[in-house]
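Colleague: Sequence order for the protein chains is Y and R. In terms of the numbering used here, the first sequence has 22 at position 22, counting the first letter as 1, and numbering is strictly consecutive. To get the numbering used here, take the position in the second sequence, counting from 1, and add 470.
No lab work stands behind these hints, which were simulated from the structure alone. One or more of the hints may lead you astray.
[What the hints assert, rightly or not] Listed next, the stretches of chain Y that the computed footprint assigns to chain R, with coverage defined by at least 3 CB atoms under 8 Å from CB atoms of chain R: (1) 90 to 100; (2) 282 to 294; (3) 380 to 387.
[Said to hold, decoys possible] Within a straight-line C-alpha distance of at most 25 Å, the following computed SDA-like cross-link-like pairs (lysine to any residue) qualify: (4) R:LYS735 to R:THR745; (5) R:LYS928 to Y:MET445; (6) R:LYS928 to Y:ALA453.
Beta carbons: idealized from backbone N, C-alpha and C, even for Gly.
Protein chains: 2
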Amino acid sequence: MGAIPDTILSELKAAAGPKGWTQDPAVLAPHLAEWRGRWTGATPIMLSPATTGEVARIVTICARERIPITPQGGNTGLVGGATPQGEILLSLRRMTLVRAVDPLNDAMTVEAGVTLLGAQEAAKAAGRLFPLSLGAEGLATVGGAISTNAGGVAVLRYGMMRDLVLGIEAVLADGRVFEGLRSLRKDNTGYDLKQLFIGAEGTLGVVTAATLKLFPRPAARAVALAGIGDVAAAIRLLAVAKDESGGAVTGFEILPRPVLDLVLKHMERVRDPLTAPHPWYALIEMSFGREDGARETMESALAAGVAAGLVRDAVVAQSETDAAAFWRLRELAPEAERADGPAIKHDVSVPVAAMPDLYARGCAAVAAIVPEGRVLCFGHAGDGNFHFNIAAPRENADAFWAKREAITEAVHEAAAALGGSISAEHGVGIMKKAEIARRKSAVEMDMMRAVKAALDPKGIMNPRVLLAGR
Amino acid sequence: MGAIPDTILSELKAAAGPKGWTQDPAVLAPHLAEWRGRWTGATPIMLSPATTGEVARIVTICARERIPITPQGGNTGLVGGATPQGEILLSLRRMTLVRAVDPLNDAMTVEAGVTLLGAQEAAKAAGRLFPLSLGAEGLATVGGAISTNAGGVAVLRYGMMRDLVLGIEAVLADGRVFEGLRSLRKDNTGYDLKQLFIGAEGTLGVVTAATLKLFPRPAARAVALAGIGDVAAAIRLLAVAKDESGGAVTGFEILPRPVLDLVLKHMERVRDPLTAPHPWYALIEMSFGREDGARETMESALAAGVAAGLVRDAVVAQSETDAAAFWRLRELAPEAERADGPAIKHDVSVPVAAMPDLYARGCAAVAAIVPEGRVLCFGHAGDGNFHFNIAAPRENADAFWAKREAITEAVHEAAAALGGSISAEHGVGIMKKAEIARRKSAVEMDMMRAVKAALDPKGIMNPRVLLAGR
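Can you make the complete structure from the sequences, with help from the hints?
Modeller: Rendered as structure tokens:
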């Protein structure tokens with residue numbers, strides 16, 4: 001695209017207000033850098049409107065002038081979806097109002113720039129739980145989490161962001177406002193239009209606010225760390241834990257000993273609570289409405305796991321301090337891997353029951369390409385989601401990196417062959433758009449393009465993202 | 471539309487196979503009659519394909535010839551969405567395979583013609599729960615429940631049909647097959663296309679199969695009937711019950727004394743388990759993963775309700791027989807109302823906290839038009855959903871019926887003024903399409919028409935339904 005004329009820039013600045021724009025490279029820099037340094041962007045201007053009306057005025061101008069827009073929330077994405085490459089950068093970070101919290105209706109309405117942590121805290125202040133939780137929650141915004149259908153560690157019980165959205169307000173590609181901020185549990189009056197914006201990565205409009213579901217805060221939780229033999233044992237133990245607790249399992253994360261070793265090696269204030277090493281570990285969390293019986297339920301589930309030959313050893317947290325320490329072992333896994341050295345990372349999912357197969361096939365495929373690569377998986381076993389990472393070897397790393405594409409293809413193919421997904425929670429962005437165009441059926445790609453053309457006929461909304469070849 | 475040429479009819483018959491079509495008026499009759507007799511239809515032929523391939527061949531022919539199609543499942547809808555008026559009737563009832571049940575993945579794949587009861591039973595046989603439950607579940611099909619995003623009595627805990635669908639297989643309006651039968655908990659690889667078919671009332675394609683979520687079967691449930699003073703007390707009691715049980719409430723239904731009186735008068739094997747009458751009743755169900763403590767949790771919630779001045783009297787079911795008897799009082803309410811005489815019925819929802827307001831405003835508005843009308847509400851209070859019915863008076867009924875439209879307008883306006891919906895769970899069909907075109911914003915109607923045009927450009931899929939003016 002050509003340079004934006006000064007008159008139009010002035011018009012955009014006026015629409016955003018005096019505090020709502022910058023062209024200062026120093027201010028822009030962090031918004032143009034993907035946080036791991038994988039993509040670096042460029043933009044003529046960052047607009048940071050503070051109200052939905054301002055967003056609408058900006059998009060109206062852009063639609064008239066056919067100026068492409070890249071929306072951005074907390075800039076914590078992992079697939080390059082929020083890094084402009086010449087588009088106008090539309091930051092939602094100044095839209096930070098908590099418009100309403102309604103505990104009696106278990107709902108709250110917040111603007112797109114509220115962080116996930118901010119949303120959790122607003123809910124907590126009203127005695128309620130907003131359950132979406134992930135590593136970047138202090139920076140990641142509600143608008144970004146909706147646009148990427150974020151996941152995290154509570155999906156097993158509470159679902160993805162899609163499951164937590166009751167209503168959406170969004171500015172469409174023509175600048176009109178979709179006023180869908182309903183807080184109804186039931187509304188069957190036509191197509192559920194809000195679904196279109198969830199996981200659309202900003203390609204169909206700009207989410208400006210959302211009404212989110214809240215939940216009662218559990219009265220008690222029980223957390224345990226179990227040493228197990230393999231992934232198959234983990235999946236069977238998950239089923240046992242669900243059955244024994246009648247569905248109280250709210251978290252079920254797994255990691256292998258080599259990943260735990262990295263956490264113990266590189267991180268501080270961590271220790272292995274079990275007395276001997278085990279090939280794999282399952283971190284199990286159950287949540288309960290009543291204090292009494294919580295730990296006993298966990299213990300009986302673990303006992304059933306031992307009886308079934310699934311659990312080698314296990315320890316139940318005796319305090320919230322213990323529980324937090326157990327969770328830290330899993331939560332620090334990505335950071336410990338980074339501290340240990342670079343890796344090729346994948347975010348794949350399969351049906352839960354196929355996780356052992358995915359692990360076996362993925363390891364075999366990787367070993368065939370790079371016998372020296374170390375598979376360092378961890379993941380949300382309750383959701384069938386592995387973060388399937390392969391660490392570069394200490395020596396001859398160049399040969400390893402030269403095979404990067406073949407490795408990724410092998411891991412993705414292992415997932416796809418099991419009916420899985422090559423992007424469980426991180427999205428497509430620019431990173432995977434060529435691959436989804438190749439892997440999805442012609443019917444699905446046609447449907448996606450038809451929806452895109454219907455809602456963004458001029459193709460100005462995040463045009464390089466998600467759908468290739470426009 | 472004109473008559474379908476015989477050559478095309480022959481082609482359609484061949485596509486459906488020898489057992490897959492009928493033009494016999496006697497066989498057609500029940501498929502053309504809405505079950506309450508409100509709409510009567512007409513069709514040149516009913517096609518009943520047994521496989522997805524047959525459905526695809528039929529729709530391909532119809533697309534080529536621009537022949538409109540009305541899909542039909544169990545024909546239990548309430549808004550005329552499945553009654554053809556000259557369209558080809560495409561019945562999915564012969565597609566009854568349970569293709570797979572995978573308890574380890576908490577998922578099962580069933581064809582569109584499987585009844586909800588059949589789906590529940592298939593899940594139960596595998597030790598799992600498929601929770602969608604509603605009055606017509608013995609006839610209503612999975613395909614119909616998806617196309618209408620059905621609700622029912624378990625929405626509070628498990629959600630609407632939309633929340634229970636992991637994957638969909640559908641035949642598009644051009645005859646191609648959308649193969650979206652994934653059973654993944656997480657898949658962020660582009661627009662979530664399956665959402666388009668849920669609640670679309672057959673206007674975007676024909677759902678042929680679905681992969682559905684399953685759940686652990688609760689180990690125990692506690693059921694209570696509480697006598698309360700008014701709707702406001704019910705909503706506050708709901709919040710108390712949620713808090714006291716940590717989210718174990720799986721059902722919260724309310725009905726007023728006049729409705730209970732009709733049940734006691736017209737139905738068999740029913741009795742009032744409380745010793746004195748109360749203005750309103752709340753039927754509360756909690757589900758638990760453990761047997762012990764279930765009844766105690768319900769009792770402590772009711773005690774908290776008494777302490778807060780919300781509960782006048784209450785009885786906790788001492789057995790499954792008791793529990794079933796309490797549930798019957800609520801489940802028989804529609805039948806008891808029908809037995810008592812005709813009524814004008816509404817299916818409205820508001821944010822849960824606004825239910826007392828809805829009841830007050832609705833009653834006032836109705837009284838202003840027909841002081842002789844008797845408001846007989848009951849509903850899913852946990853979802854903010856009232857079935858807001860007004861029974862015709864015994865005398866001067868003609869004057870009452872003459873005001874039918876004004877009454878409906880008043881009830882719907884009361885819901886809309888509170889941010890509510892005029893169709894909480896029954897859908898739009900042909901019954902409410904003019905009204906939603908009037909009540910929804912121009913932006914929303916434009917978006918819906920854009921989606922329809924994108925996926926069904928020839929307008930052959932259930933063309934009289936949902937979207938007016940085509």
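Colleague: Check each numbered hint against the structure and report the violated ones by number, ascending.
Modeller: Per hint list: single violation, 1.
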